[in-house]
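Q: For this one, chain B is given, so just place chain L with the ligands on it according to the hints.
These are the residues of each chain, in order.
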Amino acid sequence: MIRVENLSKFYGITVGVRNLNFSVERGEVLGFLGPNGAGKTTTMKILTCYLPPTAGTARICGYDILENPMEVRKRIGYLPEKNPLYMDMRVTEYLEFVSHLKGVPTRRIDEEIGRTIGRCGLEEVPHRTIGKLSKGYQQRIGIAQALIGDPELLILDEPTLGLDPKQIIEIRQLIKNLGTERTVILSSHILPEVSQVCTRIIIINQGELVAVDTPENLRKRLKKASVIHVKLRESTEAHRAGDIVSAVEGIMMVKEAPSEEGTMHIIIEAAPDRDVRNKVAFAIVESGLPLLEIYSEELSLEDIFLQLVMEEEAH
Amino acid sequence: MKKFTAIYGRELKYYFQSVTAYVTMGIFLILSGYFFYSIFRVYNFLSFQAARNAQYAEQLNLIDGVMRPLLSNISIVLLLVLPLLTMRLLAEEKKLGTFELLLTYPVSDAAAIMGKFLAALTTFTIMLLGTLLYPLLLAIFSDPEPGPVFTGYLGLFLMGSSFIAMGTFFSSLTNNQLVAGVTTFGLALFFLIIGWAAPFVGETFSKILSQFSLLKHFDSFSKGVIDTQDITYYVFLTLFFLFLTLKSIESTRWRS
Ligand SMILES: Nc1ncnc2c1ncn2[C@@H]1O[C@H](COP(=O)(O)OP(=O)(O)OP(=O)(O)O)[C@@H](O)[C@H]1O
Ligand SMILES: [Mg+2]
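Chains B and L, in that order, are what the protein sequence lines are. Under the numbering used here, think of the first position of the first sequence as 1, with each following residue one higher. Under the numbering used here, think of the first position of the second sequence as 1, with each following residue one higher.
Only chain B is shown next, with the shape it has when bound in the complex (with noise of 0.2 Å):
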């Protein structure tokens, strides 16, 4: 579906992009992740044929982004960053504009429009005029504009960005489903949303590719040990909890952590591998002592973040 080589970007003597490679294929949900910065939004502008790159190309469904922008522009639906919409006009007006540029033919655009605005969730307002709505229905038509044609890949640049917590939960829910059906490409700086969105995860840092992976293979990786945390009732008996548990086979490392009144906190670390959870809660449940919680810890795709970022900065 695409395929990026080589890819860089200079401003003048900023980077924008350096010697990215990677490939997307059909019906993934790929997240592009970086800090401000990194070179998301430019690698982006890059594959709707907005920018040329300085050196380096990409292919989109077998076309060539320099040699035939024509025939990759007619497969895309793109929302920019600051998602520009023309004020003045209508909703519907609008979208039979954009209907019209995106070469949808005259007598589908009537039935193009009504199933966007479905989609979209634009069923209240399509006669107001876009300037006077809010900042969720115009992001809302951001994506409608970038669904108009039926595109094969969507490039959605932070679709998320400045709208309030239930309004994102519900453009996330949009994405979703129109992930099922196509391919997608969105970047956000916002963990959590990728790891929910995505299937396939892009960091980028100042310009150059710091990895790709799916949520769950980028956790495991840099899991340096597998974490578990257990919780007991304070009794005389609980500080004989860390003797029993380090008994345990497998166990590296055992420590108490600071815990609320009343109860003791265990924070116990094993092979990577290995899933201890099963002989710990034996171990402690034979032994007699007042067992409240156990779970293992996932590292959160923040933590991920910054130690790939620091990683990459010690070589």
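Hints are computed from structural coordinates only; laboratory data are not their basis. Take the hints with a grain of salt, since some may be wrong.
[To be verified] Simulated restraints, written as ranges between beta carbons of each label pair:
#: 1; chain 1: L; residue 1: S108; chain 2: B; residue 2: G114; range: 21 to 31 Å
#: 2; chain 1: L; residue 1: G9; chain 2: B; residue 2: E152; range: 25 to 35 Å
#: 3; chain 1: B; residue 1: H189; chain 2: L; residue 2: E250; range: 24 to 34 Å
#: 4; chain 1: B; residue 1: T57; chain 2: L; residue 2: K247; range: 15 to 25 Å
#: 5; chain 1: L; residue 1: S108; chain 2: B; residue 2: G118; range: 23 to 33 Å
#: 6; chain 1: L; residue 1: K95; chain 2: B; residue 2: T57; range: 22 to 32 Å
#: 7; chain 1: B; residue 1: P165; chain 2: L; residue 2: S108; range: 55 to 65 Å
#: 8; chain 1: B; residue 1: H189; chain 2: L; residue 2: G26; range: 46 to 56 Å
#: 9; chain 1: B; residue 1: T57; chain 2: L; residue 2: D227; range: 45 to 55 Å
#: 10; chain 1: B; residue 1: N68; chain 2: L; residue 2: K247; range: 16 to 26 Å
#: 11; chain 1: B; residue 1: G114; chain 2: L; residue 2: Y34; range: 48 to 58 Å
#: 12; chain 1: L; residue 1: G26; chain 2: B; residue 2: Q196; range: 51 to 61 Å
#: 13; chain 1: B; residue 1: A257; chain 2: L; residue 2: K95; range: 50 to 60 Å
#: 14; chain 1: L; residue 1: L96; chain 2: B; residue 2: G118; range: 49 to 59 Å
[To be verified] Partial list, computed: chain L residues near chain B (C-beta under 8 Å):
#: 15; residue: K2
#: 16; residue: Y14
#: 17; residue: G97
#: 18; residue: T98
#: 19; residue: L103
#: 20; residue: P106
#: 21; residue: D109
#: 22; residue: I126
#: 23; residue: R253
For each residue, glycine too, the CB sits at the ideal point set by N, CA and C.
A: Only chain L with the ligands this time, still in chain B's reference frame:
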């Protein structure tokens, strides 16, 4: 073609939905009406004089006495008013970012530019047709020759279209409407008065300068003469600036 029509239609609608178009047109019509009124009063006065002097009366006619001064005054008003019409064409969209989105649709740069240019040209033509009221008034009360009136208007139309092409070009260079408007005005004024230097710069150079002068080429139109050279001049100027606009848009992609 449908893509071009969509852009053309949107631009035209924008002109007639926004207040600016009506204000611009209003000012244009009021100013040209005022010119018509005062020129006509002067002509009237001269006619009374001529009534007592038969020789003088022979030289006096509506074309030279009213239409020519009126059209040349209108050309000056166009200089002021057309940059107001063209300055937003591309600059506004560049500022809002909608232009970037437009360029990612499967639309050729040429279709986008021509849609915008022709929308401004259409608006201008409607404005110009409004001033036909004055020769019509003349025709009701007297009988001006229709030929020179027609060629005079053709001249204004061609001159206006070259102004509009210039304006489109400057609007493509910046995302600041004011800068686009002022530079258009500056260059158009320069083309209008470039002939002034002609008497002082030696023979060959003088010829070149007057060839470039907008006024010189307009002159024969207002006399009722259609010269292919004059038409070629305006058409060339228009196409030249449209071509520059196309190049400027191509280069924005490379520069930004
Ligand atoms: N038009 C431009 N001219 C000069 N430099 C630019 C331009 N656009 C982007 N840059 C630079 O290129 C780098 C990458 O910018 P880009 O906008 O792609 O980052 P981003 O990942 O989208 O950031 P954000 O999360 O803030 O949107 C930055 O250092 C930025 O300053
Ligand atoms: Mg960005």
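Q: All hints are to be evaluated individually against the structure, with a verdict given for each.
A: Here is how each hint holds up against the structure:
1. L:S108 x B:G114: 21 to 31 Å: With a Cβ separation near 29 Å, S108 of chain L and G114 of chain B satisfy 21 to 31 Å, so the hint holds.
2. L:G9 x B:E152: 25 to 35 Å: Hint holds: Cβ distance 28 Å, inside 25 to 35 Å.
3. B:H189 x L:E250: 24 to 34 Å: holds, 33 Å
4. B:T57 x L:K247: 15 to 25 Å: holds, 23 Å
5. L:S108 x B:G118: 23 to 33 Å: holds, 32 Å
6. L:K95 x B:T57: 22 to 32 Å: At 30 Å between Cβs, range holds.
7. B:P165 x L:S108: 55 to 65 Å: For P165 of chain B and S108 of chain L the Cβ distance comes to about 42 Å; the hint is violated.
8. B:H189 x L:G26: 46 to 56 Å: holds, 50 Å
9. B:T57 x L:D227: 45 to 55 Å: holds, 52 Å
10. B:N68 x L:K247: 16 to 26 Å: holds, 22 Å
11. B:G114 x L:Y34: 48 to 58 Å: Holds, since G114 of chain B and Y34 of chain L (Cβ atoms, about 52 Å apart) stay within the stated range.
12. L:G26 x B:Q196: 51 to 61 Å: holds, 56 Å
13. B:A257 x L:K95: 50 to 60 Å: For A257 of chain B and K95 of chain L the Cβ distance comes to about 55 Å; the hint holds.
14. L:L96 x B:G118: 49 to 59 Å: violated, 28 Å
15. K2: holds, 5 Å
16. Y14: Since the shortest Cβ distance to chain B is 7 Å, the answer is holds.
17. G97: holds, 3 Å
18. T98: holds, 4 Å
19. L103: holds, 6 Å
20. P106: Since the shortest Cβ distance to chain B is 4 Å, the answer is holds.
21. D109: violated, 11 Å
22. I126: violated, 20 Å
23. R253: holds, 6 Å
Of the numbered hints stated above, those contradicted by the structure are hints 7, 14, 21, 22, listed in ascending order.
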